[in-house]
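Peer 1: Chain by chain, the residues run as shown.
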Amino acid sequence: MDWTELIFKTIFLIIIFVVTLVVAMYSTYGERKVAAFMQDRRGPNRAGPFGLLQPLADGLKMFMKEEIIPLTANKNLFIIGPSIAMTTALLTGVVIPWGGTISIGGRIFSLQVADLNIGILYVFAMVSIGVYGIMIGGWASNNKYALLGAIRAASQMISYELAMGMSIIALVLTTGTLSLHEIVSQQHGMHWNIFYQPLGFFIFLICAFAETNRAPFDLPECETELIGGYHTEYSSMKLGFYLFAEYINMFISSAVIATLYFGGYNMPFIDQLGLSMNTVTFIGTFFFFLKIFSMIFLFMWIRWTLPRFRYDQLMNMGWKGLIPLAMFNIVATGIYYFFTELK
Amino acid sequence: MVFLFYMLSAIMIICALLVVFSKNPINNVIYLILCFLAMAGHYILLNAQFLAVVHVIVYTGAIMVLFLFVIMLLNLNKAIILRKSTVTRVSAVITGGIFFLVLLAATRQTFEIHAKYPFASDFGLVSGIGKVLFNEFLLPFEMSSILFISAMVGAMMFGKKDV
Amino acid sequence: MQNLTNRSKMVSDKKMTFMEWIYVPAIIKGMSITIRHFFSKKTTISYPEEKREFSKVYRGQHVLKRDDQGRERCTACGLCAVACPAEAITMRAAERKPGEENLYREEKYAAVYEINMLRCIYCGDCEDACPKEAIFLTDRIVASQYERQPFVYGKDILVEPFDLNLRIDISARQTDAVAQFKSVKRYAHNK
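Residue numbers (my numbering), protein chains in the order written: chain H, 1 to 343; chain Y, 1001 to 1163; chain F, 2001 to 2191.
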């Protein structure tokens, strides 16, 4: 790795960082708009044209709020909790292939920060560390509702990680690689994995909802039972970090779903157009973001449609529904490939 | 690389010591998590990315979460210093000492192993581990999975009153 | 019990069929409903820019009328205060001094006239009770305040401006039918 490569990667990393934050910021706006539209309302439209400055106003409000740390809380852990949530949410973005390759001044750069040969597992590792943010924050608040929320979050995430992992195993059986970059390039030209792994996609989608604590799986923070769940005692920007981390997680998991099942930055019939490489990459990245945004819309659509699960329903579905289904998917995929490879 | 190695080792040793000496159970668990993360860093230094990530997923992401879970549920919030009898202390020292001796002996043997199997840079990758696991160590691997299933069934038996 | 509507369903805990158990058809149905609402017309009105149409006889903030020569019509007879079911109106009468004929129409006038807008229920009984056609309810909205005290409206807010162009239009509330009704002296409140 030489200096130009390093400089490019650094700049690209900063761009990803900023884009992630901006998308997460506007997801809050989008969420409120979608919720309003589905309830025949108009949503935020006062701050700026169409209310586009609303996220800035919300962020400013978060910063200006009084910062309260409860007297009985464990101060260090209370601060560490939201930091972990935010950090792990942001860390996942580095392995996602955001686009093809571009050439700047005769040199070719790949629009991916790190092409790990275990990219999927890296995403998994970050997701599994992400639980700590919620657990530590919930415990450090020294509040029974926060603790209950933290415990719910932990058990929910552990339960759904299993089914998620199994759906990924079936996917890996079809692709034969763990690298996200290769998975995307294999899906070139409408060979999207969703056509080969529809059941796996279904399971992965449900688990992604559960892992990001989105409705109908938002039990860790359900306000009707637990006030605010793990962030009951949080205020100011620390609360903002938790809420923000949720939206970043949503963005990242949408990106992962788009990468794994919807062909990433691939666009059908792009080869026939005969464009230059940079244009193709640009269109590909645009398409990738289009896919991500439709996934985010799906997240919101489902959130404002379905009521929350009851806790026992959640556990039943995870352990008795999704895990056997995922196992069946693995076995079926394995049998299929066993017989097709034999020929 | 050498600098990274020493830094990770220092983090690991300090965290391991803090696991032992810290009074608050939650802090113990968190130091252990840090220790595991540093260990994953060591794996990456050895080019064993697969091992590193699996280590993070399994140990940091699942087992330590369960540890934390149990401690939170038991609400071992305050440092509980139990008074131990002299017999317990002596036996603890003896057991610990013996275990230390075993570890020392095992570490001494690593030099021979290292001479016999030279370092292969692709060993910690998916294909390397998979080949070893499903050829050379197939039986222990399957045995351990049977062990896990029996443990799970046993836990179910304990957990449910009427099965 | 008799059903109030014929849309009610009896609740039963019968075993769910397979299609119900997997929930997917129900979820798709729900999502189709929400997406239909997503594109449907919104019922909210962006208030300060667009306003809902008011009823012609809307009863809002009161006005104390002046006559054609700009003299206050109110004579502080107190009928409105008596008629008020919420006891929102208080007043203190004073005698007109020589030289004030261009200010007050009759010898007696209200030196203080206060309506507590927090008590007022906007029933319009005061305007029915008024024999001098001095008080009317208009289609103006009472502005919100941060404290209670500013809601006690005095004469400075209630009396309409002297300038003929700035007079408050109350023609909607003073139709011929109303005038005819008020002219019948048999009715108790017109005496």
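These are calculated hints, taken from the structure and not from any lab test.
Every value quoted in this text rests on a predicted model; they were computed, and no experiment measured them.
Among the hints, erroneous ones may be present.
Here are the simulated DSS-like cross-link-like pairs (lysine-lysine), alpha carbons at most 27 Å apart as the crow flies [said to hold, decoys possible]:
| no. | chain 1 | residue 1 | chain 2 | residue 2 |
| --- | --- | --- | --- | --- |
| 1 | H | Lys320 | F | Lys2155 |
| 2 | H | Lys33 | F | Lys2155 |
| 3 | F | Lys2041 | H | Lys33 |
| 4 | F | Lys2041 | F | Lys2097 |
| 5 | Y | Lys1161 | H | Lys320 |
| 6 | H | Lys320 | F | Lys2097 |
Examples of chain Y residues toward chain H, derived with CB under 7 Å [to be verified]:
| no. | residue |
| --- | --- |
| 7 | Gln1049 |
| 8 | Val1053 |
| 9 | Val1056 |
| 10 | Ile1057 |
| 11 | Val1065 |
| 12 | Phe1069 |
| 13 | Ala1155 |
| 14 | Met1157 |
| 15 | Phe1158 |
C-beta atoms are modelled at their ideal positions from N, C-alpha and C, and glycine is treated no differently.
Peer 1: All the hints need checking, so say for each whether the structure fits it.
Peer 2: Structure-based check of all given hints:
1. H/Lys320 x F/Lys2155: Not satisfied, since the Cα-Cα distance of roughly 75 Å exceeds 27 Å.
2. H/Lys33 x F/Lys2155: violated, 46 Å
3. F/Lys2041 x H/Lys33: With Cα atoms ~14 Å apart, F/Lys2041 and H/Lys33 stay inside 27 Å; holds.
4. F/Lys2041 x F/Lys2097: violated, 62 Å
5. Y/Lys1161 x H/Lys320: Between Y/Lys1161 and H/Lys320 the Cα gap is close to 19 Å, so the pair holds against 27 Å.
6. H/Lys320 x F/Lys2097: violated, 93 Å
7. Gln1049: holds, 5 Å
8. Val1053: holds, 4 Å
9. Val1056: Holds. Min distance 4 Å.
10. Ile1057: Since the shortest Cβ distance to chain H is 5 Å, the answer is holds.
11. Val1065: holds, 5 Å
12. Phe1069: It holds, given that the least Cβ distance between Y/Phe1069 and chain H is near 5 Å, below 7 Å.
13. Ala1155: violated, 13 Å
14. Met1157: Status violated, d = 17 Å.
15. Phe1158: Violated: closest Cβ of chain H sits about 17 Å from Y/Phe1158, beyond 7 Å.
In this structure, the hints that do not hold are numbers 1, 2, 4, 6, 13, 14 and 15, in rising order.
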